[in-house]
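2 protein chains.
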Amino acid sequence: MDSDYGVAKELSDLQKQRSLYQPELPPCLQGTTVRVEFGDATTPADPAGAHVISRAFPHTYGQPLAHFLRATAKVPDAQIITEHPSVRVGVVFCGRQSPGGHNVIWGLHAAIKSHNPNSTLLGFLGGTDGLFAQKTLEITDEVLSTYKNQGGYDLLGRTQDQIRTTEQVNAAMSACQNLKLDGLVILGGITSNTDAAQLAETFAESKCSTKVVGVPVTFYGDLRNQFVETNVGFDTICKVNSQLISNVCTDALSAEKYYYFIRLMGRKASHVALECTLQSHPNMVILGEEVAASKLTLFDITKQICDAVQARAEQDKNHGVILIPEGLVESIPELYALLQEIHGLHGRGVSIENISAHLSPWASALFEFLPPFIRKQLLLHPESDDSAQLSQIETEKLLAQLVETEMSKRLKEGTYKGKKFNAICHFFGYQARGSLPSKFDCDYAYVLGHICYHILAAGLNGYMATATNLKNPVNKWRCGAAPITSMMTVKRWSRGPSATTIGKPAVHFASIDLKGKAYELFRNNASKFLMDDIYRNPGPLQFEGPGADAKALTLCAEDQDYMGRIKLLQEYLDKVRSIVKPGCSQEILKAALSAMSSVTDVLTVMSSSSTFVGQSTL
Amino acid sequence: MDSDYGVAKELSDLQKQRSLYQPELPPCLQGTTVRVEFGDATTPADPAGAHVISRAFPHTYGQPLAHFLRATAKVPDAQIITEHPSVRVGVVFCGRQSPGGHNVIWGLHAAIKSHNPNSTLLGFLGGTDGLFAQKTLEITDEVLSTYKNQGGYDLLGRTQDQIRTTEQVNAAMSACQNLKLDGLVILGGITSNTDAAQLAETFAESKCSTKVVGVPVTFYGDLRNQFVETNVGFDTICKVNSQLISNVCTDALSAEKYYYFIRLMGRKASHVALECTLQSHPNMVILGEEVAASKLTLFDITKQICDAVQARAEQDKNHGVILIPEGLVESIPELYALLQEIHGLHGRGVSIENISAHLSPWASALFEFLPPFIRKQLLLHPESDDSAQLSQIETEKLLAQLVETEMSKRLKEGTYKGKKFNAICHFFGYQARGSLPSKFDCDYAYVLGHICYHILAAGLNGYMATATNLKNPVNKWRCGAAPITSMMTVKRWSRGPSATTIGKPAVHFASIDLKGKAYELFRNNASKFLMDDIYRNPGPLQFEGPGADAKALTLCAEDQDYMGRIKLLQEYLDKVRSIVKPGCSQEILKAALSAMSSVTDVLTVMSSSSTFVGQSTL
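These protein sequence lines are chains L and S, in that order.
Oh and the first sequence: position 252 is 252 in full-length UniProt numbering, straight run, nothing missing.
Oh and the second sequence: position 37 is 37 in full-length UniProt numbering, straight run, nothing missing.
Please keep in mind that the hints were generated in silico from the structure rather than gathered at the bench.
A portion of the hints provided could be inaccurate.
All copies of an identical chain are treated as equivalent in the list; a pair is satisfied when it fits inside any one copy or across any two copies.
Straight-line distance between alpha carbons at most 30 Å, and here's what the computed DSS-like set of lysine-lysine pairs gives [what the hints assert, rightly or not]:
id : residue 1 : residue 2
1  : 397       : 420
2  : 515       : 551
3  : 376       : 419
4  : 528       : 135
5  : 135       : 417
6  : 135       : 207
7  : 135       : 420
8  : 409       : 528
9  : 419       : 551
10 : 590       : 420
The model shown is predicted, which means the values in this text are computed figures rather than measured ones.
The whole structure should be built from the sequences, with the hints applied where relevant.
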């Protein structure tokens, strides 16, 4: 229904009020004069992949960081972009819908128009399909009026989340050339931003003048690295889900007879589950990263839950709330192996009915052990990125059933003396994705939209818009841009026989850092959460009053301002250079040499270390 | 965990702010002087049951309505209750937890203490089990501090929702006598209030001095009649669910490829589903009352949905949102019949494994036709009131599967030419029940709590607290009390072989009135909802700003103020009496006789009419 995109919507009272909310801009983006300062050439966090990445992206690898500063900032090397010729920019929704996406477009539009009213912003209708087919809608203030600060992607719609095949890349290039676009802004997660980097490289190589910019819009929260602290949508999704989890906790405590197993959307990583745990304090969460790190089997996890149920029953507590990230199923080793076999058979064209007959004896035994509903779900075709259809696999029901069986057994054997175990299962999936965005997401998305314009005005290609120092108020945020290639890692492990991504650079997928501060915060409280029912209810998403300005707890727990600290380092180096100029005393030179030699020794050892701990430990 | 009831909770910022919210009182309840005016003796709406009810409740049937008025009200017959000796009152959570329950206790406590600080309010710990076991917690301001305006029932907990067997009734009476209670306040829905009426009758008969008061607290919204406009919790549940439904609608419109089947909690009636439909405008809702009225089979409903999918596909729309009330399964004739057979076999002690073998050939054929997951769910033991375990039966999945099969068939046959049909199922159940109560529910519950005290102060037994004229601001609300017996009807139909309630009076269960204004509002818009995607997003529950004071649309659509109109009628009758006094002219007497004879003729015909249309058409 192309004709329905971008039509004015009838808004409820609350939506109307939200549509009038004007996000603040950090000082550096206020007014029409913005300075750009370029930092050093960038390198990916994992040095082992640098060579592969540089070869795959000869035109766009190693570009410098860009910092956007206010016009009055006293930075000698920064350039002021004074000319703002009219530009034509296209924007496309690529990843799954994430609350705040509309505000990126609004911010971009506001920045474009404030610098030159003759500039044009075109939205591609129907996501990537619209890009390939060159279907556009000109974004105007009128078009935006009922979409400002609203959820969903219904302004433009979205279809597939990839621009990857030669055919797709060529279609995208034709669109950019035919529409005479100076810039193409791509909103999405890891997959879409990896595609954006590839598109930028291809455009540069083909001398296509369109610059490509990526924006981290994905509520999964897994596009995190030195430069990107969080993703648009993550805050909202966690708040909406935390509200619901808290409600279930209150319910559990009122009736005191059910264990609730709640599966949360969030793909492979457990970021959403961890954040919700910190916000609402359920009794347990089975983090995929912990399971993978400890190689816990389905039986280990079942036993862990059963032991918890038993320990609680000994304190006369016969209720509880357990969170299950949807990605858990891929973290459990034997289920992962089974899924890989199934996906391999899919790849070889074996029909669903025949797959079970073609499984290896080991996988077949596991498959037959599983309840029928989960067998059916495991047999579903994998997604475009070879992962299982996580939203369709009811891991929460599988675990609830296994726990129930085990508790009945313990009850019969007399090892468990509590009440009959009762489970209720919930999937908190699509009900959060279309939510009105939180104030944080409204602001963050709007600011990123503005930054996209400045990236294009600076003539940069293959960059991602970044705003950092986010745990502080908006007026402390730092705005910048980093080459997408600097966020890449190279996959060195197989993801099953149908995987085609091994050895290919991709934007780094951040799982929960088990050495990070957010995880530590959880671990320090996990036993209290488990036993003491210290449920916390942040309440429904608010836009005024207490809670309206709350930020994600995982965001606030981590060290931040990597961009600021990189700049600080540069200042130290400049200072050394200015003190130790030719002509300085022997003593000063000696001291400097000794100190620098020690620093470089330490850093050489650290950076060549084979234990790459992941970009999330910043 | 008795020791955990009533402990101070750690509140989030929003919860803290809510705990400071002070609900307003209607003028009649302000201050410490309240007048009581008694109306005429009451009669149940269905005259056919009056005789049965009066025989079952000889001591409590036919009591007058009570209106609470401000002390300065110019009503000659009203009494001012001037003496407020110290009283001992007990309060117990009976039904399922419903947002606002805590505020009834708070309101009751505030009223009791403001009239006599020496009075005592005892909360029974663990619901009815606590009542039977005489486990209490004295309610104080300190105990209440972290529960004011908060969701759940965790202040006191709840267990079974019935006080019905002789053993239970005797235990309740012993508790009241041993604890020297002047009053017992019971919070709950239809079942609990029916039990409250029975308890009041038994106490009166046994000369037990404890007066029993019921409060309509049930988010199902099915305890509605002339005197009760809505129930505590309904507003909150509908708002929380409408938010989520709207989010899913936005999601559907963004990706344009899924049909969402959402099952909503709400027991047998479809009130929650209708209210949510009016709030968020999903494409379809399958109301149980419509299905029952038209005797639609599973295949009729499937066809209805398939035809809608097809019609939408012809307009290039391949997405949609369909609401399924959890009670639907009992409204579909053949499924209901099957459930009755199953429950009958349960009643005869047939084990779950053997039930399918004992079904009649017809039921067996249907049973075998159904997918395995639903068979398993249908076999679950019925609830205490003989209804199926609705929360466990995934009707949404059954319908999605049937529709998918039919659409594939139509696709093959070429009658359907749209895209492949994709369904995603959701159950919006326990995630709403524990929510922070909406402002309306906070106010309504608090006011009802106050009224409970005045009922007891007036010495009334077997009454329900009522506040009416609710679509107007709190200062226009009318406060009163009606005998629970006047809200009763007598069940004349079997609910399966295990039903024991036939012929017994019970508080009238209100299903959606298909001749009512709320339903009419829906019907007038149903085709637009279906085809035009005029989704509306009321947003998350707000406590400040737009939407915070919104009220249920079904509440606002209906004619209200039955209590006010009853009073108006009394005024007319009084006026007639005062004009047509002995000594008036022949003409006046003649005119009065003629008019009154015509009025009484009409009313006689109408009230003897065998078509009792239900108490919900008011």
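Homo-oligomer pair classification [residue 420, residue 397; C-alpha up to 30 Å]
Cα proximity of residue 397 and residue 420: in one copy and across copies (17 Å, 27 Å).
At most 30 Å between CA atoms: does that hold for residue 515 and residue 551 within a copy, between copies, both, or neither?
within (22 Å within a copy, 48 Å between copies)
Can you tell me if residue 135 and residue 417 fall within 30 Å by alpha carbon in one copy, between copies, both or neither?
between (65 Å within a copy, 24 Å between copies)
Homomeric proximity label, residue 135 with residue 420: Cα distance no greater than 30 Å
Only across copies: residue 135 and residue 420 sit 23 Å apart there, 59 Å inside one copy, limit 30 Å.
Within, between, both or neither: residue 409, residue 528 at alpha-carbon 30 Å:
For residue 409 and residue 528, the Cα distance is within 30 Å only inside one copy (27 Å; across copies 54 Å).
If the cutoff is 30 Å on CA atoms, where do residue 419 and residue 551 land: within, between, both or neither? Let me know, please.
Classified as neither: same-chain Cα gap 39 Å, cross-chain 41 Å, threshold 30 Å.
Cα distance capped at 30 Å. Does residue 528 pair with residue 135 within a copy, between copies, both, or neither?
between (55 Å within a copy, 28 Å between copies)
Treating 30 Å as the Cα threshold, decide for residue 590 and residue 420: within, between, both or neither.
Answer is neither; intra-copy 76 Å and inter-copy 75 Å both fail.
Could you place residue 135 and residue 207 in one of the four classes (within, between, both, neither) given a Cα distance threshold of 30 Å?
within (24 Å within a copy, 81 Å between copies)
Go through the copies and call it for residue 376 and residue 419: within, between, both or neither, with a Cα cutoff of 30 Å.
between (32 Å within a copy, 23 Å between copies)
In summary, the numbered hints that this structure violates are 9 and 10.
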